[in-house]
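Undergrad: Residue numbers (the numbering used here): 76 to 538.
Please note that the accuracy of each hint is not assured.
As the list claims (entries may be wrong) - Listed below are the simulated DSS-like cross-link pairs for lysine-lysine, each with C-alpha atoms no more than 25 Å apart in a straight line: (1) LYS437 x LYS424; (2) LYS239 x LYS194; (3) LYS462 x LYS437; (4) LYS511 x LYS463; (5) LYS481 x LYS437.
Stated by the list, open to error - Distance windows between CB atoms, simulated: (6) PRO269 x ARG423: 27 to 35 Å; (7) LEU537 x THR174: 36 to 44 Å; (8) LYS239 x LEU348: 28 to 36 Å; (9) ILE153 x ILE339: 22 to 30 Å; (10) ILE318 x ILE339: 19 to 27 Å; (11) THR276 x ASN150: 31 to 39 Å.
For the record, the hints were derived by calculation from the structure and aren't laboratory data. As the structure is a computational prediction, the values presented were derived from the model and not from experiment. Ideal Cβ placement from N, Cα and C applies to all residues, glycine included.
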Amino acid sequence: MRKPKLHFIPIIIIFLLFFLIYKSQSIQSFSDFNLIEWQIHNIRHGIYSLPYEWSIYDSDLSFFFLPDRFFSSHNDQIVSVFPNLYPYFASFIPETEFTIVLRIMHVLLFFGSCFLMAKILKSWDAGFLFFISSILPIYILFVHETIFVLFLQILSIYLLKKDKLAIVSIVFALIVFMRPEMIIPLLFLPNILPSRKEKITLYAYMFFSLLPVFWIQNHINGTYFGLRVEKNLSSFPNWDVIIYLFQKTFLQIPILTLYIVSLIIYFKESEFLKRGIILLSFMLLIIFISPNTGGHNTARYLFGFIPLITMEFFNLWKNKKLIFKNYILFVMFLYLFVSMSEMLKETRKISHYQSNLVSTLKNTEESILVFSNSDLSFASLPLIHTKKLILLRQNFNPKILSLILKKENQKSFLFLSLPPSANYFGDSFSLTDCSKNCNFKLIESKQLDGSLLPIQSLKYSLE
């Protein structure tokens, strides 16, 4: 490999300082990061499904506090849409030092990915180019499998270059098990191989490696293609999502713009153009079938294409004997720096709103929190160890809710909603099949203090 040039060192130092500064900021887990943390906590205690203490009364899970898109039920077990593979590995991290150790692990995996990219393309420049290709490094901060999956993907490419087709197929299966949408960019891998016979052989390996994945998925979740796929089959096409992903893709993956410009300039390079059309077509497919934005304000469904674009882009420049000029990399870095700064501002804002909500609800006297909004109940997940969380869905069964409230034997509960959600209880809620202390009456109605959101808090107490 070519020796790294000194002009890369300031970029690395600035980038690392950028992350060190923001790592010390009070960015707390939110959204599905909290769900993965809960899975990690459960696995530490030998629980491999999502616990629900009222399942004996509520077999349909109609009051389970998670939004429907994040869980399912199979064989009397509640399963998360996030497979337990990443939570299982993360569960070995000591709980007292979890955040710092996880981030160190993510740093090692990410820089390992950059190193493997440099080995694959036999140039340190390629590793540095991948380093600044997108906002991927931001996931170093989060409890999420993105960095882990990225490392496995680049490891599979490295092993492919070493003709380890059988091992590649195993890694391929692990990735698809964790992230079903990754099957689309991974189908591009055989194009890296020179001969048609090798490509067909790899496709065969990949196909047969998926069979146990489908079997395991069906055994655990009751679906062959993963819960993420099944839960969202009816959600596309969504034009709002399509427009959003187009915007985020170009903002958060700056190397994509360079790649498209190169395709236009070197359109006469038939093989390069052919692979480029295939790659961009796969990306468009992901954008058009995405059921949602993927959360986190990122285009993360498309991150699987970043290593492939980096390879294609670098190989073109190398074959054309073009040199990576300082100003090109510096402009890419500035573009990425601005994008990541905005991303971190958004992340801090979301984290701030959720942490304030959790802190406010944590200090309430009531141990039972009833929600009419699934986003609110989901945001309150960190309270699962100290509070009882209930989500009211439309046309809920009051008999089941009565059983739950009687089981808890509490004298009051809080009902929380976001306008324009309806108040399902009105001025009172009467327990069914009850002979004594049967009526919860509304005694206080106010906006929840300190939550930074217009959350309506209604306190009901037994008469």
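Undergrad: Quick check on a hinted range of 22 to 30 Å for ILE153 and ILE339, using CB atoms only.
TA: violated, 50 Å
Undergrad: Please check whether ILE318 and ILE339 have a Cβ separation lying inside 19 to 27 Å.
TA: Distance hint for ILE318, ILE339 holds at roughly 23 Å.
Undergrad: Is the gap between the beta carbons of PRO269 and ARG423 within 27 to 35 Å?
TA: Between PRO269 and ARG423, where Cβ atoms are some 47 Å apart, the hint is violated.
Undergrad: Holds or violated: the 36 to 44 Å window for the beta-carbon distance between LEU537 and THR174?
TA: holds, 41 Å
Undergrad: Is the Cα-Cα distance between LYS239 and LYS194 25 Å or less?
TA: Holds: LYS239 and LYS194 sit about 16 Å apart, inside 25 Å.
Undergrad: Using the C-beta atoms of LYS239 and LEU348, is the stated range 28 to 36 Å upheld?
TA: holds, 30 Å
Undergrad: Taking the Cβ atom of THR276 and the Cβ atom of ASN150, is their distance within the range 31 to 39 Å?
TA: holds, 37 Å
Undergrad: Within 25 Å, alpha carbon to alpha carbon, are LYS437 and LYS424?
TA: Distance of about 20 Å is within 25 Å: holds.
Undergrad: Is LYS511 close enough to LYS463, meaning Cα to Cα at most 25 Å?
TA: holds, 23 Å
Undergrad: Holds or violated: LYS481 and LYS437, Cα atoms, limit 25 Å.
TA: Holds. LYS481 to LYS437 sits at ~22 Å (cutoff 25 Å).
Undergrad: Check whether the Cα positions of LYS462 and LYS437 lie no farther apart than 25 Å.
TA: holds, 8 Å
The earlier numbered hints that this structure contradicts are 6 and 9.
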